[in-house]
Amino acid sequence: MNKTININLAGIIFHLDEPAYEAFKSYLSRVKSALDGQEGAAEIIADIEARIAEIFSMRIAEFKREVVTALDVDFVINTLGQPEDFQDEEDATFSDQNTSSNGTKTKKRLYRNPDESYIGGVASGIAAYFGTDTVWIRLLFLGLLFFTPIGFFTYIILWAAMPEAKTTAQKLQMRGEPVNLSNIEKSVKEELDSVKERFGRFRQESKGSGKNVADGLQSVLAFIFMVLETIFTFIFKFIGIILIIIGIIFGSFLLLGMLGVVATTWNIGGLEYLTFDGAVLGLNGLEAIIGTGTTLNVLRIGALLTLLLPLFGLISLIARAFGKPLANARILNITGGASFALGLILLIYSGISVGKSFKVGATEMTTTTLSGNQFDLRADLIEENDAFLFEVDDTQLRIENVQLNIKKTFDTTATLVLKHRARGKNNSSARLRAQSFEYPIRQTGTVLTFNEFFSVPKEALYRAQELRGTLYLPIGTEVFLDPSIENIVYDIENYHNMLDRKMLGHTWRMERKGLVCVDCQDIEYYSSDDLNEIDEAIDEVNDGLENLEDDISEEIERLELELKRLKNK
Amino acid sequence: MKIENTKAQMRKGILEYCILGILQSGDAYASDIIAQLKNAKLIVVEGTLYPLLTRLKNAGLLEYRWEESSSGPPRKYYSLSEMGQQFQKELKGTWEELQQAVDIITTPKSTS
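For the record, the sequence lines run as chains A and B.
Read left to right, the first sequence gives residues 1 to 569 (the numbering used here).
Read left to right, the second sequence gives residues 1001 to 1112 (the numbering used here).
The set of hints was computed from the structure by calculation and includes no laboratory data.
Fair warning: this is a prediction, and the values are worked out from it, not measured in the lab.
Each hint should be verified, as a subset may be incorrect.
Stated by the list, open to error - Once the Cα atoms are required to be at most 25 angstroms apart in a straight line, the calculated DSS-like pairs of lysine-lysine come out as:
(1) A:Lys32 to B:Lys1057
(2) A:Lys359 to A:Lys425
(3) A:Lys407 to A:Lys513
(4) A:Lys32 to B:Lys1038
(5) B:Lys1057 to B:Lys1089
(6) A:Lys25 to A:Lys64
(7) A:Lys32 to B:Lys1012
(8) B:Lys1007 to B:Lys1038
(9) A:Lys32 to A:Lys108
Claimed, not checked - One-sided and incomplete, this derived list gives chain A residues near chain B with beta-carbon spacing under 8 angstroms:
(10) Leu35
(11) Ile44
(12) Ser57
(13) Thr79
(14) Gly81
(15) Glu540
(16) Val541
In this text, a Cβ means the ideal position worked out from N, Cα and C, and glycines have one as well.
So that you can see chain B by itself, here it is in the shape it has in the complex (with noise of 0.2 angstroms):
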């Protein structure tokens, strides 16, 4: 049993609704949605997003455009599709609950 391999585990299933989460408040290039992340400290380098943001797009979640971009080549624009709504609004519900479990669970008794 690896640490690493947990805190991957752990972070990537956080990772997908995070972009979710991202893309709920408005729409997003891919840079964007990058930038964000690795303010947050989610993720380290970009390559790790370019695969997971496509495997959620052939899953139906994320819908895309394309936009022109002034500087460089044209963008990618993503949006949630009407699956990833919902999606995002279950996963909510989940992390919520998961939240909350997590903390009954790991906090002292004495509040309770």
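Chain A extracted, bound-state conformation (with noise of 0.2 angstroms):
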């Protein structure tokens, strides 16, 4: 199936199919700009015109169709000729002319051109003043547009400020002709020779189909439509230009981020930098949650579909930008949508059937009794520039999301509680989760030294696993908190209540009343600042209530005075 387009050529109506209307218009378009600026132009392709008509009827009739296709433009192209080919011939007549008449230049001006615009004019002015073809102008405005937003903002703002030829001596300017009285003749009767033609041949037709002249009715009614039609024309075209715009931005988004889903699930290398999660999770942060089963290939495959789109838009939009359609471009738009479609699909089925592996919580604890009363809090550190949420390797996942609390204990000996938690589809499989954990703690003598992460065996996938560790202190053990468990500690409760960091570098005793600083310097309290507070705001309700009282007594008072009169009565 393709579809048709009406074409009304020297008054006969043909019906083109896609290609063959592309082909025709661009071959057209061609012939005009090739005859632009010579004498009677307008005639001359009025009557190239015709014979497009005559061949095409001829065609139609003898290979008995209803529709021109591609091949008859074709063969029109090579009966006809090249349009550089017929410019060639007449050139050198005319350059002679110019010559003779008239050897001086003007100087040319830059001024949009209205008569070949597609959307401002700017292109064709620009291509006109450096007398280039239109279509190398356009192509770099489509170029700066495809890499950054220049070419838009330069496209508004040569538009806003390139005046439009509107007179017939600035549109010779605009060619470099030079504007004297033969010139500006010849523009203007070239004008009105064609606005006779036209106006002779629709007479011609109006008696050739037997059709009252007078019945002008028509005629107003084909202005109107035909000025309706320049209004439309030009805001779907701007319309359009917003929409394709806002397509391009956003579209490149997806591309990038589907690039980086087909990157790293298939380890594609040089690509780490496209990723989203690249950065924020390691190259195979992906896979680390969705492990290598069938919801990776799932997602894959929709990751891949919905590619197929934005990229047969843009083969297609390069293709137009040559001006060379494809020919089954609907093919293309067909196959591209459905993918877009099926792959979404798939994308978000993978979605759901990961977000419900984290349906379940589980929690383990271990407790390690410890010897000793004296402690030394330190880390083992992960380099800064490999810090990760997790990490997959060959058959470890490691996991960093490790939080150490310090409590007192009533008990005669330190313990140490790790509680590990995860997550899964049932509860089973959560508590097989949170009892697959490995965190090894060592102490040398005082020393404890702790990891940033811990591990697990990779097939258990990420699925929210954490570690929360508890110290337990005796009263009266002693602890140094080193300034390397700074990533480790969290929210850890103190007498000075003073913050995690301020408590780094520092020993510090448990008492009844909590943790109290050895060693520090000058302790600063948490909420000086609050107790003045919470004080004027005691004092303002002391006020209130002696106020009330008061009130209270005097109300007392007027009310025993008033007794006492109702009394003598």
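Using the hints, put the two chains back together into the complex; each one sits in its own frame.
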């Protein structure tokens, strides 16, 4: 199935299929630009159009078809020749005339060209100024638009800055032709000729088809329709351009994201910088969450399918920019759209199935008894560059989610309680995960060394595992908090209400009232300001109460007086 | 000096004369003129001719009228104008002179 487009050629309607239309349109516009500025150009073009109509009619009758195809257009081009060809032969006489009649060249000026405009005529104006083909300037703008927003803004600014060539003199200046009487006369005459020609043809047609020439209503309606068409075309073009820009921006984001998924799940090197999760989770982040099972494959296929549409779009856009629209663009669009929808469904499916496996949580607890009454807490630091939320190697998944707290116990020995938390599809899988933690703690003398991360088997996958450790200290024990544990300590309560960060590098003793700093120089109280505020509030309340008391006693006095008066009565 | 340019120049001068010649022997549609010229291998593609016809018409050498066509749009039916007739005659004279001159110059002198 093919869409056809109706055209009116020399008063005859032809149905052209899409490829034929595009080819014919570009051919005709090339003919027009080749003949541009030539004497009687409008008439020549009308003659050529009539001839093409003749050839089309002939071929349609010959091959018993109703639709003009690309083959017919090729035949026309072969018969009539390339526009450059029939320019060449004329050129010699024309340049002769030009140099003999008028040797002086006038200064060119930059105008927008309203006669050959697609949007605002900026590109064709520039092309006229530099004497090149408009296509190149348009391609340049498109190219700029693709890589940066510069193209867009340049175009808008130029649109605003360049005046439109309205008068004949301006149009001549735009092309760099001298503005003199004979040239203006020529241009005006050409315009008039073309109008006359059209009018004459119209009359001829009406006569030919037996219509009433005086049927003015029809021509008035036609005129109104033409005006409306022009206005709507402009509006649609404008909306279209905005949509294209939005589409390009949105599309490139989507493209980058999808490329990221493909690159990370297949470990395509060199694309790491494109990936969102590559930066946050490490290159294998997705694999750690999704595993290597069916879901990963579903996600990969989904991502690839979603990529097809923007890819096809890009291809047909480039093809269009080069003036050769794809003949089977429709098939591309449909397959692209279908695969996009299918891909999206697959992506959503894999997202939901991953989400489900986070449903239930479970906690396991291990308790270690520690000997001694003096501790020195340290941590093995992960290098700053390698900081991660989680990371996969061949067998293990390392997760950096460890928090350590210190609390008081009335036991006689210190204990370290580790809570392993994990999530899963159901209770048993969550529990199984919570049991398979690996978190070695080394004790050498008084020094306790922690890791900033714990490990789980790779197969366990990332299911929001976390480790919460609590060090229970008997009263009288002392503990030194090395600055290296900065990343794992979390909200340790202490008598001075000091922040964790300030507690580091000091020795603390567990007392009945809580942790007390042994070697702090000047202890910052957490809430001196807060205390003042509370005092003020209490004062206020007291004042209020006093006032209330006064009021009440006054009231009582008044009532007593009243009572007395009543009794006296 | 390109041979192609020279050829084109020669052909162009003759082309106008030939068009007038075709019309001298009877009125014709543009497509008829083209067909004859193509037959004589004076032109290769049709597009060349339309600007030329328009120029000759604007110069007042040709006239045209619209004629209905059984297949396709109405056609332009060209004929020589008064001025065109004279023009053609004059060109004919010039052409014969030229032909003679070229013959005399380019053929070997044995037959003089």
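For each hint, the structure was consulted:
A distance of roughly 20 angstroms separates the Cα atoms of Lys32 (chain A) and Lys1057 (chain B); the hinted pair therefore holds under the 25 angstroms criterion. About 5 angstroms separates the Cα atoms of Lys359 (chain A) and Lys425 (chain A), which keeps this hinted pair within 25 angstroms; it holds. At roughly 11 angstroms between alpha-carbon atoms, Lys407 (chain A) and Lys513 (chain A) fall within 25 angstroms of each other, so this suggested pair holds. Proposed proximity of Lys32 (chain A) and Lys1038 (chain B) is supported: the alpha carbons are some 24 angstroms apart, at most 25 angstroms.
Between Lys1057 (chain B) and Lys1089 (chain B), the direct Cα distance comes to roughly 17 angstroms. Compliance with the 25 angstroms bound is thereby established for this hinted pair. Restraint check for Lys25 (chain A) and Lys64 (chain A): satisfied, since their Cα atoms lie roughly 24 angstroms apart, inside the 25 angstroms limit. Between Lys32 (chain A) and Lys1012 (chain B), the direct Cα distance comes to roughly 22 angstroms. Compliance with the 25 angstroms bound is thereby established for this hinted pair. Distance check on the hinted pair: Lys1007 (chain B) and Lys1038 (chain B) sit about 16 angstroms apart at the alpha-carbon level, within 25 angstroms; holds.
Taken as a hint, the Lys32 (chain A) and Lys108 (chain A) pair is honoured in the structure, with Cα atoms around 22 angstroms apart against an allowance of 25 angstroms. A cut of 8 angstroms between beta carbons decides the hint on Leu35 (chain A): the least distance to chain B is about 7 angstroms, and the hint holds. Interface hint at Ile44 (chain A): satisfied, since its Cβ lies 5 angstroms from the closest Cβ of chain B, which is below the 8 angstroms cut-off. A hinted interface residue such as Ser57 (chain A) counts as satisfied when its beta carbon comes closer than 8 angstroms to some beta carbon of chain B; here the least separation is about 4 angstroms, so the hint holds.
Satisfaction of the interface hint for Thr79 (chain A) is found here, the shortest Cβ-Cβ separation to chain B being roughly 6 angstroms, below the 8 angstroms cut-off. Residue-level restraint check for Gly81 (chain A) holds (minimum Cβ-Cβ distance to chain B is 3 angstroms; threshold 8 angstroms). Because the beta carbon of Glu540 (chain A) sits about 100 angstroms from the nearest beta carbon in chain B, more than 8 angstroms, this interface hint is broken. Hint status for Val541 (chain A): violated, given a least beta-carbon distance of 102 angstroms to chain B, over 8 angstroms.
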